[in-house]
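Protein chains: 2
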Amino acid sequence: MKLEDMILISVDDHVVEPADLFDQHLSPEWKAKAPKLLRKPDGTDVWVFEGKQLMNIGLNAVVGRPPEEYGVEPTSFDQLRPGCYDVNERVRDMNANGVVASMCFPSFPSFCGNLWAQLEDKTLAITMLRAYNDWHIDEWCGAHPGRFIPLALPVMWDAELAAEEVRRVAKKGCYALSFTENPDKIGFPSIHDSHWDPLWKACSDEGVIVCIHIGSASGMSFTTMDSPVDVMIATSPVSIVSCAADLLWSQILRRYPTLKFALSEGGIGWIPYFLERADYVHEHHHKWTHQDFGGKRPSDLFREHIVTCFIDDRIGVRLRHDVGIDTITWECDYPHSDSTWPRAPERLMDSLGGVPDDEINKMTFGNAMREFRIDPFVHRSRQACTVGGLRAEAVDVDLSVKSHGGNAPVSEPRPVTAQDITQQLAQVYASPLE
Amino acid sequence: MKLEDMILISVDDHVVEPADLFDQHLSPEWKAKAPKLLRKPDGTDVWVFEGKQLMNIGLNAVVGRPPEEYGVEPTSFDQLRPGCYDVNERVRDMNANGVVASMCFPSFPSFCGNLWAQLEDKTLAITMLRAYNDWHIDEWCGAHPGRFIPLALPVMWDAELAAEEVRRVAKKGCYALSFTENPDKIGFPSIHDSHWDPLWKACSDEGVIVCIHIGSASGMSFTTMDSPVDVMIATSPVSIVSCAADLLWSQILRRYPTLKFALSEGGIGWIPYFLERADYVHEHHHKWTHQDFGGKRPSDLFREHIVTCFIDDRIGVRLRHDVGIDTITWECDYPHSDSTWPRAPERLMDSLGGVPDDEINKMTFGNAMREFRIDPFVHRSRQACTVGGLRAEAVDVDLSVKSHGGNAPVSEPRPVTAQDITQQLAQVYASPLE
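These protein sequences, in sequence, are chains A and B.
So the first sequence is numbered by this note's numbering: it starts at 481 and just counts up by one.
So the second sequence is numbered by this note's numbering: it starts at 481 and just counts up by one.
What the hints contain is simulated information worked out from the structure, not anything from laboratory work.
This one's a predicted model, so the numbers in the text were calculated from it and none came from an experiment.
Hints are supplied without guarantee of correctness; some may be wrong.
[Claimed, not checked] Covered by chain A, according to a simulated footprint, are these stretches of chain B (three or more residues, beta-carbon under 8 Å):
| # | region |
| --- | --- |
| 1 | 482-496 |
| 2 | 661-670 |
| 3 | 721-731 |
| 4 | 794-802 |
| 5 | 850-857 |
| 6 | 881-894 |
Even glycine gets a Cβ: it sits at the ideal position worked out from N, Cα and C.
Sequences are here, hints too, so could you generate the full structure?
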């Protein structure tokens with residue numbers, strides 16, 4: 481396959497929420513209570529909600545910067561590439577990168593909308609959550625039909641309400657739900673608890689895939705505060721193995737035979753090892769742990785229920801049949817620092833040597849179309865969906881690397897630690913609002 | 481290669497300490513203060529130290545039991561296969577399994593001797609630790625020269641004393657030290673702290689390999705207390721990835737170019753993915769994290785410094801050149817429930833289809849001989865070191881599976897959870913001493 485003939489659907493990107501997020505989806509009374517984006521005297525931007533400054537606006541939205549300026553620091557919209565928060569600019573950046581469709585995870589409300597879930601006022605919580613979902617589906621994804629996979633945030637505090645919200649957004653054409661790796665870690669019943677059954681039933685009934693992003697339980701996980709930040713970056717994807725094991729041995733997959741989960745940003749190269757290990761553990765231990773998979777192996781269940789994805793993963797591509805060729809999707813991670821934008825097709829092509837075209841197509845778009853229920857070809861010709869077709873529409877997009885300044889995590893060139901990053905994030909709150 | 485011609489060195493087994501452990505290595509005054517193994521009125525055995533009952537005697541020493549009776553429960557020597565604690569019986573069990581040499585991790589003092597490290601009385605601590613190391617080297621390993629790789633416990637609370645103990649045991653021919661995945665988690669400076677430099681320097685000077693066993697930081701790690709215990713069992717090996725990343729990005733490997741670490745019971749199939757990820761992170765992020773590997777990639781450093789091992793790992797064997805063929809060793813995990821005893825050669829052979837003899841030899845014994853500095857051929861002919869040669873000496877070993885009763889973790893056949901296992905362990909303390 482030629483690079484320009486590839487078709488790319490990215491199942492893991494991120495949106496930096498724009499200031500007008502709540503404008504169209506709340507009554508004036510509720511709008512007064514909604515989070516507001518304010519510019520502080522020091523020039524940084526911050527969401528303010530219930531009198532408190534929230535976590536920084538875009539996590540790690542560094543796309544387009546020189547690598548020297550990566551980090552968690554972008555704290556002003558002036559420091560962001562407009563494609564981070566402006567959907568029209570986003571589509572232009574997708575075109576420049578040859579990506580026909582994208583699923584975008586949230587930034588400030590956290591991956592599972594924990595910002596709402598932690599509110600005492602549950603009426604406020606459900607109102608904000610629904611407004612967010614409506615904005616995401618109607619405005620962000622609705623602006624360019626066929627270019628985005630809508631992704632709803634879950635109601636974490638009430639499984640019946642969660643089911644109701646899933647059914648509501650499914651009616652609007654949203655068939656993906658963001659969840660958390662481990663609800664127990666953020667104060668909710670664990671995935672082994674029958675508490676969640678109404679949610680799983682709704683997702684199963686409506687054909688909604690449950691997407692679990694790395695870092696969606698309690699944020700960044702550090703081995704120690706003096707560890708180099710690279711340790712956290714290197715191990716974050718594979719850390720989702722705990723969630724994968726929880727899912728495999730939960731009753732959920734056995735109870736809902738058509739329900740699907742996606743391990744977002746988890747990578748794929750470790751999965752053949754994990755599946756072999758899972759089968760070994762089952763064979764070796766099930767007689768005393770009283771586990772019954774109805775004659776199947778854990779690896780069978782995994783391949784029937786779990787959708788995986790990768791950014792750049794040569795070993796995983798080599799082992800694609802051991803992962804499960806029909807379970808693999810691709811992601812770009814725009815606008816975070818792991819992203820391969822705007823050279824994603826080139827980087828990906830490098831890993832695909834010797835892979836037959838039909839298998840490339842499964843991994844780069846076919847599996848994503850089926851599992852996330854999106855069909856870009858309804859809106860554009862197949863040729864216009866290819867890397868070559870999209871890039872032809874984006875010849876005017878400025879791809880030059882731009883310095884945006886901002887504060888570096890350390891003042892001298894010494895290894896950046898977990899502590900440095902944590903302090904850098906904490907500084908967002910340190911400067912006064914007025 | 482024929483099965484009977486394989487030579488097997490296992491770099492990860494476990495000893496259940498016998499009652500006479502401290503008899504030969506302490507003065508009468510100190511012996512009075514040493515841990516004592518007592519039989520309680522309910523028929524269970526327990527180590528008592530400083531007036532307290534310690535964690536159960538053998539962790540998960542279930543070898544020879546039917547799988548229905550696996551678990552953390554063996555709490556009486558009557559329930560253990562004698563090879564767990566009797567070195568002569570151990571060697572017979574090794575012969576029956578075709579294993580010529582074995583390295584044995586401790587049971588009741590914990591993997592890094594944390595039992596001693598937590599004592600307030602540091603004179604008591606160092607005295608007991610040295611006695612333990614002397615017993616392990618002189619009695620356990622000394623009973624059958626060439627059949628065991630001596631493994632010392634570290635002095636966790638004082639890096640100068642730790643270095644001194646390393647030099648002391650090296651003089652006795654002990655070239656392996658057990659350490660912890662994460663000293664920070666048990667109250668000591670992290671591996672990124674220069675605190676440990678004297679220890680690393682001593683290990684480097686003396687050619688002592690630092691062995692890091694899974695679960696050596698804070699014991700078993702559960703996702704939630706209601707998770708099936710299988711989740712913990714399945715993910716424990718790969719959880720050492722955090723320690724591997726800590727080592728890679730620490731200054732230790734760069735500062736001590738000949739120092740070696742072993743990731744004990746970590747498996748190997750995930751390593752090619754991890755190394756690719758490590759190189760990606762370095763390439764992508766080093767300009768802002770200020771990491772300098774002197775022109776090398778993290779994967780280069782890994783293969784120069786880190787020794788890996790596997791029990792049964794088809795994917796890992798297939799990817800042996802991506803792991804690093806010179807870094808791979810094999811383990812049996814006797815007497816724990818993941819062990820393949822007494823059919824380890826058969827199980828291993830199943831994974832080795834198509835692997836050239838010289839590569840099999842590297843993985844099953846050659847790398848272990850070099851990295852752990854043991855030479856069984858000094859003591860026996862090469863033929864006598866093979867699976868066939870050893871099994872010929874063990875024709876009278878009773879390999880029948882034996883029920884030993886004991887308390888099951890659950891009374892009815894329902895999935896066993898983390899909570900069940902934790903309660904089962906807690907029950908050890910619940911019954912009175914007298």
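Consistency of the hints with the structure:
no.: 1; hint: 482-496; result: violated (count 0)
no.: 2; hint: 661-670; result: holds (count 3)
no.: 3; hint: 721-731; result: holds (count 8)
no.: 4; hint: 794-802; result: holds (count 5)
no.: 5; hint: 850-857; result: violated (count 0)
no.: 6; hint: 881-894; result: holds (count 5)
Checked against the numbered hints above, the structure violates hints 1, 5; every other hint is satisfied.
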